[in-house]
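S.K.: If you want the building blocks of each chain, they are given just below.
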Amino acid sequence: VAFGTPGSRSQARGPSPGFRFSLYAILSFVVMFLDQRHGWMEQARFALQAAAYPIQLAVSSPTNAWGWMQESFETRDALRAENERLKKQDRLLAIRSMRYEALARENGELRGLRDALPPVAEKWLAAEIVNIEINSLRQRVLINRGTTQGVFKAQALLDDKGVIGQITHVGPWSAEAILITDPEHAIPVEIERTGLRTIAVGAGDAQSLALPYLPGNADVKAGDLLLTSGLGGVFPAGYPVARITEVHRDAVQPLAQVRATPFADVDTDREVVLVWFRADHPAAPTSLTTGDLKTGNPKLQPQPAPPPRPKPANPDGSAQAPTTLTTPAGTDSRNSTTPSGTVNVPAAAPSKTGTPGAAATPDSKEPAPGENTRAAAPKKPSPDATPRNP
Amino acid sequence: MSSGEPRLRMLFSALLALVLTVLPLPSYLDIARPPFLVLVVLYWSMAAPRAGGVGLGWFSGLILDVFQGPVLGEHALALAAAAYIFCREHQKIRSKPEFQQSLIVLAALAFYEGFLFFMDAYSGHPLTSPFRWIHILTGAILWTPVAIILGYRERRS
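Keeping their order, the protein sequence lines are chains P and E. Here my numbering is used: position 68 in the first sequence is 166, and no number is missing along the way. Here my numbering is used: position 82 in the second sequence is 276, and no number is missing along the way.
Some hints could be false.
[Claimed, not checked] Just the calculated beta-carbon pair ranges, DEER-fashion:
no.: 1; chain 1: P; residue 1: Leu294; chain 2: E; residue 2: Leu209; range: 36 to 46 Å
no.: 2; chain 1: P; residue 1: Ala224; chain 2: E; residue 2: Ala304; range: 20 to 30 Å
no.: 3; chain 1: E; residue 1: Ala315; chain 2: P; residue 2: His346; range: 19 to 29 Å
no.: 4; chain 1: P; residue 1: Arg295; chain 2: E; residue 2: Arg203; range: 26 to 36 Å
no.: 5; chain 1: P; residue 1: Ser120; chain 2: E; residue 2: Ala315; range: 19 to 29 Å
no.: 6; chain 1: E; residue 1: Arg203; chain 2: P; residue 2: Glu172; range: 38 to 48 Å
no.: 7; chain 1: P; residue 1: Gly293; chain 2: E; residue 2: Leu219; range: 38 to 48 Å
no.: 8; chain 1: E; residue 1: Ala315; chain 2: P; residue 2: Gln305; range: 33 to 43 Å
no.: 9; chain 1: E; residue 1: Phe312; chain 2: P; residue 2: Val128; range: 14 to 24 Å
no.: 10; chain 1: P; residue 1: Pro270; chain 2: E; residue 2: Thr322; range: 28 to 38 Å
Hints are computed from structural coordinates only; laboratory data are not their basis. All figures in this text were calculated on a predicted structure; none of them were measured in a lab. In this text, a Cβ means the ideal position worked out from N, Cα and C, and glycines have one as well.
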């Protein structure tokens, strides 16, 4: 038995399917080209995402309703146990953060800043993952916040344990996010133990990240902590990303095969947090759009070349060795890049000793190193120039 | 049968198929989820090539792009092409028995997915997981039930 309508309809209505198909094919190519090359389709995508959101909400409503029902019929004992657990956790966090203010101020003073820096995160917004399948093989999720709440493209997405992803498309009430475990996602990280910077890419499943660009002799071992390095312009420095689970070195391979497990509960999360960062904070992501990297700070001028070291007059340099060590050019290569930095090392020394009067004296040269550190940090992220905020 | 009625049923079935496409499922089931919307578009291209056909395929594909495509227009083109083939050959396909229709659908789905695979790679969003080919099979298997459900009223009348 054949399926379909018995009896053919009148065939002479409208243009032929071939002609229509050609038109649609051309239209598709134009749309694809504009979307891919120029990003001109952002507006259309915005409108389509707005139109699709009701369907997505409707589809996710049965599972949401089921979850809500389960929650509302939860027993009193379960609720009490959870309450107990949360109270314990709250106490633990309060104890842990008790010294935070003092430590932050101390850190600021040690860095020669007048005040402790404010936290790098300026604003937080909780968002819920709309329970919907975007694509099973790509790790994407839909969240229920959009431009009306100020969400923007390439915004960082965290959960309570670590970095989870970033926003790829924004609609008025919803946004699509790519998770760090997506094979197309790469996140610049830093190994906490050694400060070695590399890139972690998604491995395609919810459980692991791969670090494909580490040479075979890199100092990395299982259990190392991966933090965001602050490069790349999306994530600020110092947020936990993953822990290395597996390092495989092969003598014939130039690169090590390294796997890591993300801290964030990528596959089970229901709630995530959108974060807005202070753009002028040293730990903030280096912005690639403003062109800061090209212009730089005019105060930071290249140092004139250090005077050449006195060459040993005689080949037996055993007596010459102490004099070459004490030449001022070789004392501190890092501070010599900022002219005022070397001048201010003795001036800032009293504040490091901890006397409160010395730190508060209006020293005319005191702000200079602070400004320089602040300006230099995003451009030259040496391990001690980027403060890590907990 | 009035000419407006299949159009209404077409839209309704396409919407239902879309809902089934984005319905959250556990991941092991999700890999094998049949491409419901593609099956519905293929059915209407075969059963009523004038009412639906290429246009229905293109717009359905565009919606799929919004939901799950890396580039806008990719699913639209693939689905319009598959619908065009079914529109052109609708009389031949209609006259075949169910099993052969399933095989034709299998070929059409393979063409559809292969085209997407090519476009993914070309646009710089490659997805080389072997799991992406599984739903071709489940789709071909599901063709007979889908066709029976969609053609139910017409065969009775």
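S.K.: Now tell me, hint by hint, if it's right for this structure.
M.R.: Comparing the hints with the structure gives:
| no. | hint | in the structure |
| --- | --- | --- |
| 1 | P:Leu294 <-> E:Leu209: 36 to 46 Å | 52 Å, violated |
| 2 | P:Ala224 <-> E:Ala304: 20 to 30 Å | 44 Å, violated |
| 3 | E:Ala315 <-> P:His346: 19 to 29 Å | 28 Å, holds |
| 4 | P:Arg295 <-> E:Arg203: 26 to 36 Å | 58 Å, violated |
| 5 | P:Ser120 <-> E:Ala315: 19 to 29 Å | 24 Å, holds |
| 6 | E:Arg203 <-> P:Glu172: 38 to 48 Å | 43 Å, holds |
| 7 | P:Gly293 <-> E:Leu219: 38 to 48 Å | 43 Å, holds |
| 8 | E:Ala315 <-> P:Gln305: 33 to 43 Å | 26 Å, violated |
| 9 | E:Phe312 <-> P:Val128: 14 to 24 Å | 18 Å, holds |
| 10 | P:Pro270 <-> E:Thr322: 28 to 38 Å | 34 Å, holds |
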